[in-house]
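Letter by letter, the chains look like this.
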Amino acid sequence: MNKLVSILCIATLLVACTRDKKTLVTNAFASQFAMPIMPIPANNLPSKDRIALGKYLFYNPALSKDSSVSCSSCHLPEHSFTDQRKFSIGSDKQLGTSNSPSLANIGFHPYFTRAGGVQSLEIQVLVPIQEHNEFNFNLLKIESRLLQDSYFKKMASQAYPSKEPYFAITASIAAFERTLVSNQSRFDQYIQGLSSLNEQERKGLELFFGSRTNCSQCHGGFNFTNYTFANNGATQIKNDSGRYQITHRKEDIGLFKVPSLRNIALTAPYMHDGSLNSLRSVLKSYNKGGNSTHFNNQTQIKKLHLNENELAQLEAFLHTLTDMNFVHNPKFKKQ
Amino acid sequence: MPLQQAAAKGNHAIPSVVVKYVHATAIAIRMVANADVNAVNKLYLVEPFGSTFFKTLNTIKMKKYTLYALILLMAFSWFPNLKASTNVKLKFNHKIGSVNYAKNLQVKNNLDHDYTITRLEYYISNVIIIHDGGSMDTLKNTYFLMNPSGATETLDLGLRSVTNIEAIQFSIGVDPFNNHANPASFMAGHPLAPKSPSMHWGWTSGYRFLAIEGKSGSSLNQTYQLHGLWDANYYSLRIPVAAIDDNGAKVIELNADYDKVLHDISINSGVIAHGDNTSDRKALQNMRDSVFTNTNGQGDILSIKAIDKSKTILTYPNPAQLNAQINLTVNSTEQVYYKVINLKGAVIKQTLLGTTKLFIDKPGMYTIQAFTAANTLVAMKRQIVL
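Those protein sequence lines, which keep their order, are chains Z and V. Taken in order, the first sequence gives residues 639 to 973; the numbers are from the working numbering. Taken in order, the second sequence gives residues 2 to 387; the numbers are from the working numbering.
Keep in mind that the hints are not guaranteed to be accurate.
Unchecked claim - Mimicking DSBU-like on lysine-lysine, the simulated pairs with C-alpha atoms at most 35 Å apart in a straight line are:
#, chain 1, residue 1, chain 2, residue 2
1, Z, Lys686, Z, Lys940
2, Z, Lys724, Z, Lys940
3, V, Lys358, Z, Lys876
4, V, Lys363, Z, Lys686
5, Z, Lys972, V, Lys196
6, Z, Lys731, V, Lys104
7, Z, Lys703, V, Lys350
8, V, Lys109, V, Lys350
9, V, Lys96, Z, Lys888
10, V, Lys350, Z, Lys724
11, Z, Lys876, V, Lys196
12, V, Lys216, Z, Lys801
13, Z, Lys779, V, Lys141
14, V, Lys358, Z, Lys779
15, Z, Lys801, V, Lys109
16, Z, Lys731, V, Lys363
17, Z, Lys703, V, Lys283
18, Z, Lys876, V, Lys104
19, Z, Lys703, Z, Lys841
20, Z, Lys971, Z, Lys703
21, Z, Lys876, Z, Lys969
22, V, Lys104, Z, Lys703
23, Z, Lys801, V, Lys283
24, V, Lys350, V, Lys104
25, V, Lys141, Z, Lys801
26, Z, Lys792, V, Lys358
27, Z, Lys888, Z, Lys841
28, V, Lys196, Z, Lys791
Stated by the list, open to error - Over the 12 Å line for every Cβ pair with chain Z, so calculated as not near, a few chain V residues:
#, residue
29, Ile131
30, Asn165
31, Pro192
32, Gly218
Said to hold, decoys possible - Okay, the calculated bits of chain Z under chain V, using three or more residues with CB under 8 Å as the criterion:
#, stretch
33, 752-762
34, 807-818
35, 895-905
Treat the hints as calculated values from the structure; they're not laboratory data. Since this is a predicted model, take the numbers as computed values, not measurements. Each residue gets a CB set at the ideal place from its N, CA and C atoms; glycine is no exception.
The whole structure should be built from the sequences, with the hints applied where relevant.
Have a look at this one:
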């Protein structure tokens with residue numbers, strides 16, 4: 639069914655393109671990428687103070703045990719909130735065990751972390767705080783440290799009156815994260831009819847949404863992910879990894895959250911273990927039906943028989959998902 | 002205490018109109034006057050409509066009998082609170098084997114492995130007092146974070162409408178609904194609020210049900226840490242008890258032998274297990290099966306033991322699209338039916354016995370539970386609907 643829809647979309651898209659290069663895409667195709675409604679908990683509706691406090695804390699190393707790292711050490715705005723490292727470095731210089739994911743459009747995600755164990759952005763804040771190779775710390779200890787900080791004290795009581803300061807810490811960071819919306823890439827402008835793609839990019843788009851690659855079956859929709867768990871065969875799988883850590887079910891071994899591909903050109907290295915250094919190496923892996931075989935590899939992962947030219951087209955298309963307004967937005971950067 | 006005085010003691014100003022009308026209503030007065038002061042305070046202070054409601058009443062000059070009916074209705078709605086009730090307490094005798102519990106005691110477990118306990122914390126929740134011929138009095142939203150430090154400890158279970166207590170039931174850990182709540186949203190001092198050391202385990206976004214840590218090995222130079230957690234390990238246990246009357250309160254007495262927590266767990270060379278692995282899960286099972294007994298040495302009598310780890314629900318697809326068919330299978334020979342529970346803990350759907358599919362018409366995160374015809378919970382599963 640999905641396949642049929644995407645084929646139809648592509649078909650209409652092609653018709654539209656040949657008829658008039660300016661009309662570009664059909665409404666049906668464009669509507670898949672309409673920005674969804676962001677779910678926000680009733681006790682943490684956004685306000686200027688909340689977002690400002692969240693941003694202040696996001697960039698604040700006081701959250702880590704040795705005061706050396708902040709959220710932004712691993713989630714840098716200029717790399718769509720990733721850190722260019724295979725594994726991130728946490729408090730006391732401890733090396734992490736997975737690659738830092740992008741936080742672009744994170745507010746739209748229905749769950750968090752690659753194993754899918756975390757239900758809200760508010761609760762997610764507790765993950766790095768307690769992980770030994772991230773902040774290696776404790777929310778109450780952070781709270782007492784921050785209560786020495788007059789700006790924090792003032793803002794916390796202003797933004798969350800009659801709430802505990804520790805509530806203000808988790809809630810405000812989540813409020814800030816929900817502002818990280820990326821929807822002004824060249825692709826977005828293209829589907830709104832505001833700009834055009836060149837020939838190579840358009841061919842890449844057709845491949846991406848077509849049945850030869852199946853990319854959009856997992857990486858479809860506004861955020862270029864369907865938020866399911868899958869094994870794309872890109873890397874060697876450990877026996878206790880991925881979704882299995884939460885479910886303890888054999889069929890979940892090595893299944894990871896399907897990541898968003900927005901700003902993907904800025905977020906290398908790739909995959910949960912940061913094992914692929916470039917987009918080309920990712921595409922090559924898909925082209926040969928995965929770098930590794932595992933009993934949980936998805937059936938969509940198969941040899942694609944794309945030639946070099948087609949790989950370049952796909953790659954060119956992935957570059958159109960880069961949103962320079964997002965990465966340079968002063969609202970997201972440290973003052 | 003006269004009514005007005007009792008009312009005035011509260012920190013809310015009581016609109017005089019309420020007091021006046023209560024006085025005017027004979028039945029309401031009698032019921033209120035018979036009740037204890039707490040209940041009276043409640044009647045006035047928990048103004049369900051806010052004081053403006055009463056002011057409005059006053060100004061619109063409602064017909065008198067309508068008002069009487071209203072007051073009566075209000076009085077009846079508080080009726081359970083006005084019933085005679087008894088203070089119930091739950092007393093624990095904390096032990097290690099035959100000696101009183103204390104931190105850092107050097108002892109041996111049943112495998113003859115030496116150890117000490119340096120940290121012992123666990124949650125008690127879902128407390129149910131079984132009384133008066135099998136009635137169940139559930140303490141809703143009540144959590145105790147146990148951190149034994151001496152030989153005895155008494156928990157106040159509050160004023161309960163019970164006469165003859167027959168058994169006490171409780172669970173170790175936090176129920177699936179609050180297990181995935183945000184700890185930071187609880188006020189300081191609440192058992193589920195953030196703690197240091199933390200009882201919350203970030204990446205599974207759930208609480209440690211039990212944290213036991215200490216030294217082990219014959220020269221106590223090894224470290225063991227068992228942190229048991231996860232929804233599937235949330236067990237209930239029920240112990241028959243006869244409460245003792247103590248100054249008008251009823252005291253339920255249990256022995257808790259923490260040596261049993263480490264029974265059959267090899268700790269000689271240290272073990273660090275956080276989550277739902279082998280020894281951490283075993284420690285939680287020991288908490289259910291052998292740690293707690295009544296003063297006659299009798300332990301859990303619930304035939305419903307743990308949710309069997311070998312039984313799992315398979316749901317497909319997961320996440321599912323809105324209103325799409327979700328296929329369900331359980332690897333159990335018995336027929337099952339399913340309950341769908343939302344994040345607020347409400348059952349939003351219940352299927353017939355033998356069903357293998359269902360549809361959910363609201364996006365969200367759900368827990369699907371499988372029950373046998375005898376209502377035994379056999380497996381649980383998270384389901385996401387997009």
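We went through each hint and held it up to the structure:
1. At most 35 Å may separate the alpha-carbon atoms for a hinted pair to count; Lys686 (chain Z) and Lys940 (chain Z) exceed this at roughly 48 Å.
2. Using a Cα cut-off of 35 Å, the hinted pair Lys724 (chain Z) and Lys940 (chain Z) holds, with the two alpha carbons roughly 26 Å apart.
3. At most 35 Å may separate the alpha-carbon atoms for a hinted pair to count; Lys358 (chain V) and Lys876 (chain Z) meet this at roughly 32 Å.
4. Under the criterion of a C-alpha separation no larger than 35 Å, the hint pairing Lys363 (chain V) with Lys686 (chain Z) is consistent with the structure, at around 31 Å.
5. For the hint pairing Lys972 (chain Z) with Lys196 (chain V), the CA-to-CA distance comes to about 30 Å; that is within 35 Å, so the pair holds.
6. Pair hint Lys731 (chain Z) plus Lys104 (chain V) holds up; C-alpha atoms about 34 Å apart against a cutoff of 35 Å.
7. Between the alpha carbons of Lys703 (chain Z) and Lys350 (chain V) the distance comes to roughly 45 Å, so the proposed pair goes past 35 Å and is violated.
8. For the suggested pair Lys109 (chain V) and Lys350 (chain V), the alpha carbons sit about 49 Å apart, so the restraint of at most 35 Å is broken.
9. Restraint check for Lys96 (chain V) and Lys888 (chain Z): not satisfied, since their Cα atoms lie roughly 40 Å apart, outside the 35 Å limit.
10. Straight-line distance between C-alpha atoms of Lys350 (chain V) and Lys724 (chain Z) comes to about 44 Å, which puts the hinted pair past the 35 Å bound.
11. For a cut-off of 35 Å, the pair hint linking Lys876 (chain Z) to Lys196 (chain V) stands: about 33 Å separates their Cα positions.
12. A hinted pair counts as satisfied when its Cα atoms are at most 35 Å apart, and Lys216 (chain V) with Lys801 (chain Z) does not qualify at roughly 39 Å.
13. Of the supplied pair hints, the one linking Lys779 (chain Z) and Lys141 (chain V) holds, its CA atoms being roughly 30 Å apart against a limit of 35 Å.
14. Of the supplied pair hints, the one linking Lys358 (chain V) and Lys779 (chain Z) is violated, its CA atoms being roughly 47 Å apart against a limit of 35 Å.
15. At roughly 46 Å between alpha-carbon atoms, Lys801 (chain Z) and Lys109 (chain V) are farther apart than 35 Å, so this suggested pair is violated.
16. Using a Cα cut-off of 35 Å, the hinted pair Lys731 (chain Z) and Lys363 (chain V) is violated, with the two alpha carbons roughly 44 Å apart.
17. Note on Lys703 (chain Z) and Lys283 (chain V): the hinted pairing holds, with a Cα-Cα distance of about 32 Å set against a maximum of 35 Å.
18. For the proposed pair Lys876 (chain Z) and Lys104 (chain V), the alpha carbon gap of about 39 Å is over 35 Å, so the pair is violated.
19. For a cut-off of 35 Å, the pair hint linking Lys703 (chain Z) to Lys841 (chain Z) is broken: about 49 Å separates their Cα positions.
20. In summary, the hint linking Lys971 (chain Z) to Lys703 (chain Z) is supported, as the alpha carbons are separated by about 23 Å, within the 35 Å threshold.
21. Simply put, Lys876 (chain Z) and Lys969 (chain Z) have alpha-carbon atoms about 40 Å apart, too far for the 35 Å limit, and the pair is violated.
22. Our distance criterion of 35 Å between C-alpha atoms is met by Lys104 (chain V) and Lys703 (chain Z), whose separation comes to about 27 Å.
23. A hinted pair counts as satisfied when its Cα atoms are at most 35 Å apart, and Lys801 (chain Z) with Lys283 (chain V) does not qualify at roughly 38 Å.
24. Of the pairs offered as hints, the one joining Lys350 (chain V) and Lys104 (chain V) is violated, with about 47 Å between alpha carbons and a cut-off of 35 Å exceeded.
25. Distance check on the hinted pair: Lys141 (chain V) and Lys801 (chain Z) sit about 23 Å apart at the alpha-carbon level, within 35 Å; holds.
26. A distance of roughly 53 Å separates the Cα atoms of Lys792 (chain Z) and Lys358 (chain V); the hinted pair therefore is violated under the 35 Å criterion.
27. Only pairs whose Cα atoms come within 35 Å are accepted, and Lys888 (chain Z) paired with Lys841 (chain Z) is rejected, the gap being roughly 39 Å.
28. Straight-line distance between C-alpha atoms of Lys196 (chain V) and Lys791 (chain Z) comes to about 20 Å, which keeps the hinted pair within the 35 Å bound.
29. The beta carbon of Ile131 (chain V) sits about 33 Å from the closest Cβ of chain Z, which is more than 12 Å, so the claim that it is off the interface holds.
30. With a minimum CB-CB distance of about 42 Å to chain Z, Asn165 (chain V) clears the 12 Å threshold, and the non-interface call stands.
31. For Pro192 (chain V), the non-interface assignment is confirmed: its Cβ lies about 14 Å from the closest Cβ of chain Z, beyond the 12 Å cut-off.
32. The non-interface label for Gly218 (chain V) is consistent with chain Z: the shortest C-beta to C-beta separation is roughly 23 Å, beyond 12 Å.
33. Using a Cβ-Cβ cut-off of 8 Å, 8 residues of the stretch 752-762 of chain Z lie near chain V, which meets the minimum of three, so the contact claim holds.
34. Three residues within the 8 Å Cβ limit are the bar, and the stretch 807-818 of chain Z against chain V gives 3, so the coverage statement holds.
35. Using a Cβ-Cβ cut-off of 8 Å, 0 residues of the stretch 895-905 of chain Z lie near chain V, which falls short of the minimum of three, so the contact claim is violated.
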